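Each protein sequence line maps, in turn, to chains R and A. Residues in the first sequence are numbered from 1 upward in steps of one, following the numbering used here. Residues in the second sequence are numbered from 1 upward in steps of one, following the numbering used here.
Note that these hints are calculated values from the structure, not bench results. The model shown is predicted, which means the values in this text are computed figures rather than measured ones. Backbone N, C-alpha and C define an ideal beta-carbon position, used for all residues, glycine too. Treat the hints with caution; some may be incorrect.
[Said to hold, decoys possible] Derived DSSO-like pairs: lysine-lysine, alpha-carbon spacing no greater than 27 angstroms straight-line:
#, chain 1, residue 1, chain 2, residue 2
1, A, LYS140, R, LYS50
2, A, LYS92, A, LYS260
3, A, LYS359, R, LYS66
4, A, LYS215, A, LYS359
5, A, LYS140, A, LYS260
6, A, LYS92, A, LYS359
7, A, LYS195, A, LYS92
8, R, LYS26, R, LYS50
9, R, LYS66, A, LYS260
[To be verified] Quick partial rundown of chain R residues pointing at chain A, CB under 7 angstroms, derived from the structure:
#, residue
10, THR2
11, VAL12
12, ARG54
13, THR59
14, PRO65
15, LYS66
16, PRO68
17, VAL92
18, ILE93
19, THR116
20, VAL118
21, PHE119
22, ALA126
23, LEU129
Residue-level listing of the chains:
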Amino acid sequence: MTSRPVAEGLFVQGAEGPRLIGGRRKVDGRFVFPMPQGAEGDGCDPVELKPQGRLWSYTVQRFRPKPPFNGPGDDRSFQPYAVGYVELEGQVIVESRLIIDDFASLAIGMPMALTTEVFRRDADGADILTYAFRPA
Amino acid sequence: MSSVHIVGAGIHPFGRHDLSGLDQGVFAVREALADAGLDWSAIQFGFGGSSAAGNADAVLPRLGLTGVQFINVANGCATGGSALLSGYWAIKSGEFDLGVVLGFDKHPRGAFNADPEDWGLPAWYGETGMMLTTQFFAMKIQRYRELHGISARTLGLVAEKAFENGARTPHAWRREPVDLETIMGSQMVSDPLTKFMFCSPAEGGAALILASDRKMRELGLAGPRVRGASVRTRVNGSFEVFAPALDVERGPSPTELASKAAYEMAGVGPGDIDVAQIQDTESGAEVMHMAENGLCAHGDQERLIAEGATRLDGATPINTDGGCLACGEPIGASGLRQVYENVQQLRGRAHGRQVAGAKLGYSQVYGAPGLSGVVILEA
């Protein structure tokens with residue numbers, strides 16, 4: 001079975017696990033995510049972001065979003081998923097899907113670690129991977 | 001320099017209608033003209049906008065092709081507020097002394113869906129299900145609750161008040177009270193917000209006739225004076241809708257900036273405000289915007305709302321027509337609906353929901369892509 005990332009340049013798979021690719025603005029050193037593409041990218045140096053952080057806020061997506069969401073299933077088979085912001089200390093607060101067994105266990109400040117998940121399967125049978133955070 | 005007054009106000013009731021958005025805008029303008037006792041031919045300029053119901057300029061063939069200067073305004077959720085600010089500047093500059101500002105809209109049912117490309121965002125952000133306004137609002141209040149101790153019950157009380165006020169308001173969409181238990185127990189949409197804590201995209205139109213003080217006197221008219229008006233956009237570190245990442249160094253919100261500017265312009269403070277209409281896309285937004293507009297300190301909302309301070313008979317009544325929660329949100333018209341409601345309150349015409357002796361009215365509209373518009377009116 002083949003798999004591929006939902007977008008090129010979003011994250012890399014290293015020996016110690018995935019890393020998100022952000023940017024560091026040349027003008028003021030601020031971190032941004034994702035790494036800007038095209039002309040705007042010229043102003044940033046790409047940087048692999050910290051793979052761990054703390055949950056900054058969260059919610060649960062309880063209904064199936066309209067397009068451009070292209071996750072699996074239909075309105076009836078839709079499975080709610082959690083999303084949140086994770087603060088990578090001293091870098092940037094990134095928005096992410098969250099992998100969690102019990103939504104009620106989500107709490108602001110909890111340690112989180114980066115991983116990847118199969119978000120959907122493409123028409124050719126390939127698994128489409130995206131990044132996600134899970135409790136560390 | 002001349003002052004600017006609102007001498008006529010009109011609205012097409014919000015909700016779901018068989019009428020096009022454009023026709024609802026035309027209806028609102030005719031109501032505003034009738035309110036002022038003016039003919040369309042007297043109008044020197046117009047600023048108008050709609051997010052999803054076509055060009056505002058298309059009202060002209062219906063109202064009369066008088067050659068009037070008309071400018072379409074498109075500024076996200078602050079479209080109506082921006083039209084008003086443009087009209088205010090037009091009169092303040094001395095170039096014109098009588099004009100109309102209008103906003104109308106008509107949206108499909110259900111949550112707004114946005115195309116990432118339109119917002120300069122990558123496709124994966126939408127495809128993986130993170131580009132939803134509902135998630136943003138839920139996450140903003142979720143963090144605010146943690147920092148400032150706001151209970152789920154308080155979020156329910158905000159919605160309960162909205163539907164109570166909506167039941168008293170002819171232009172509201174939801175006109176039946178909903179009890180707290182039903183609100184709290186309704187379907188969870190995006191935690192911690194339930195179905196009844198979210199407003200819905202809707203339809204409606206609102207229009208205001210603006211005049212210089214000189215023109216107002218000449219025409220024998222009267223109306224609230226615009227004391228302050230401002231629009232501000234996001235800065236680094238503010239938490240806005242459709243943000244794949246946030247700066248670790250946090251900053252002020254556009255609402256805080258717009259609010260401060262409007263108070264300074266008006267020469268008044270939050271303590272002077274008698275009645276306020278603030279953006280309540282969902283219950284949490286009203287709670288947070290109370291503090292962002294200076295109407296209370298962060299965290300005081302829990303006590304104030306429990307005490308009923310924001311109800312019609314409270315110290316600072318908020319969203320007296322039920323706000324977005326009871327009226328729904330037609331983007332182009334929403335900010336002008338707030339001003340319309342304040343005009344009714346300041347003229348003593350808000351029958352059934354009148355705030356006794358209201359002299360200063362405050363309104364604030366907020367939305368995508370991270371901008372806020374404030375208007376302060378004086379009776």
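Here's how the hints hold up against the structure:
{"no.": "1", "hint": "A/LYS140 - R/LYS50", "in the structure": "24 angstroms, holds"}
{"no.": "2", "hint": "A/LYS92 - A/LYS260", "in the structure": "20 angstroms, holds"}
{"no.": "3", "hint": "A/LYS359 - R/LYS66", "in the structure": "44 angstroms, violated"}
{"no.": "4", "hint": "A/LYS215 - A/LYS359", "in the structure": "22 angstroms, holds"}
{"no.": "5", "hint": "A/LYS140 - A/LYS260", "in the structure": "21 angstroms, holds"}
{"no.": "6", "hint": "A/LYS92 - A/LYS359", "in the structure": "22 angstroms, holds"}
{"no.": "7", "hint": "A/LYS195 - A/LYS92", "in the structure": "43 angstroms, violated"}
{"no.": "8", "hint": "R/LYS26 - R/LYS50", "in the structure": "19 angstroms, holds"}
{"no.": "9", "hint": "R/LYS66 - A/LYS260", "in the structure": "37 angstroms, violated"}
{"no.": "10", "hint": "THR2", "in the structure": "18 angstroms, violated"}
{"no.": "11", "hint": "VAL12", "in the structure": "15 angstroms, violated"}
{"no.": "12", "hint": "ARG54", "in the structure": "11 angstroms, violated"}
{"no.": "13", "hint": "THR59", "in the structure": "4 angstroms, holds"}
{"no.": "14", "hint": "PRO65", "in the structure": "5 angstroms, holds"}
{"no.": "15", "hint": "LYS66", "in the structure": "4 angstroms, holds"}
{"no.": "16", "hint": "PRO68", "in the structure": "4 angstroms, holds"}
{"no.": "17", "hint": "VAL92", "in the structure": "5 angstroms, holds"}
{"no.": "18", "hint": "ILE93", "in the structure": "4 angstroms, holds"}
{"no.": "19", "hint": "THR116", "in the structure": "12 angstroms, violated"}
{"no.": "20", "hint": "VAL118", "in the structure": "12 angstroms, violated"}
{"no.": "21", "hint": "PHE119", "in the structure": "6 angstroms, holds"}
{"no.": "22", "hint": "ALA126", "in the structure": "15 angstroms, violated"}
{"no.": "23", "hint": "LEU129", "in the structure": "10 angstroms, violated"}
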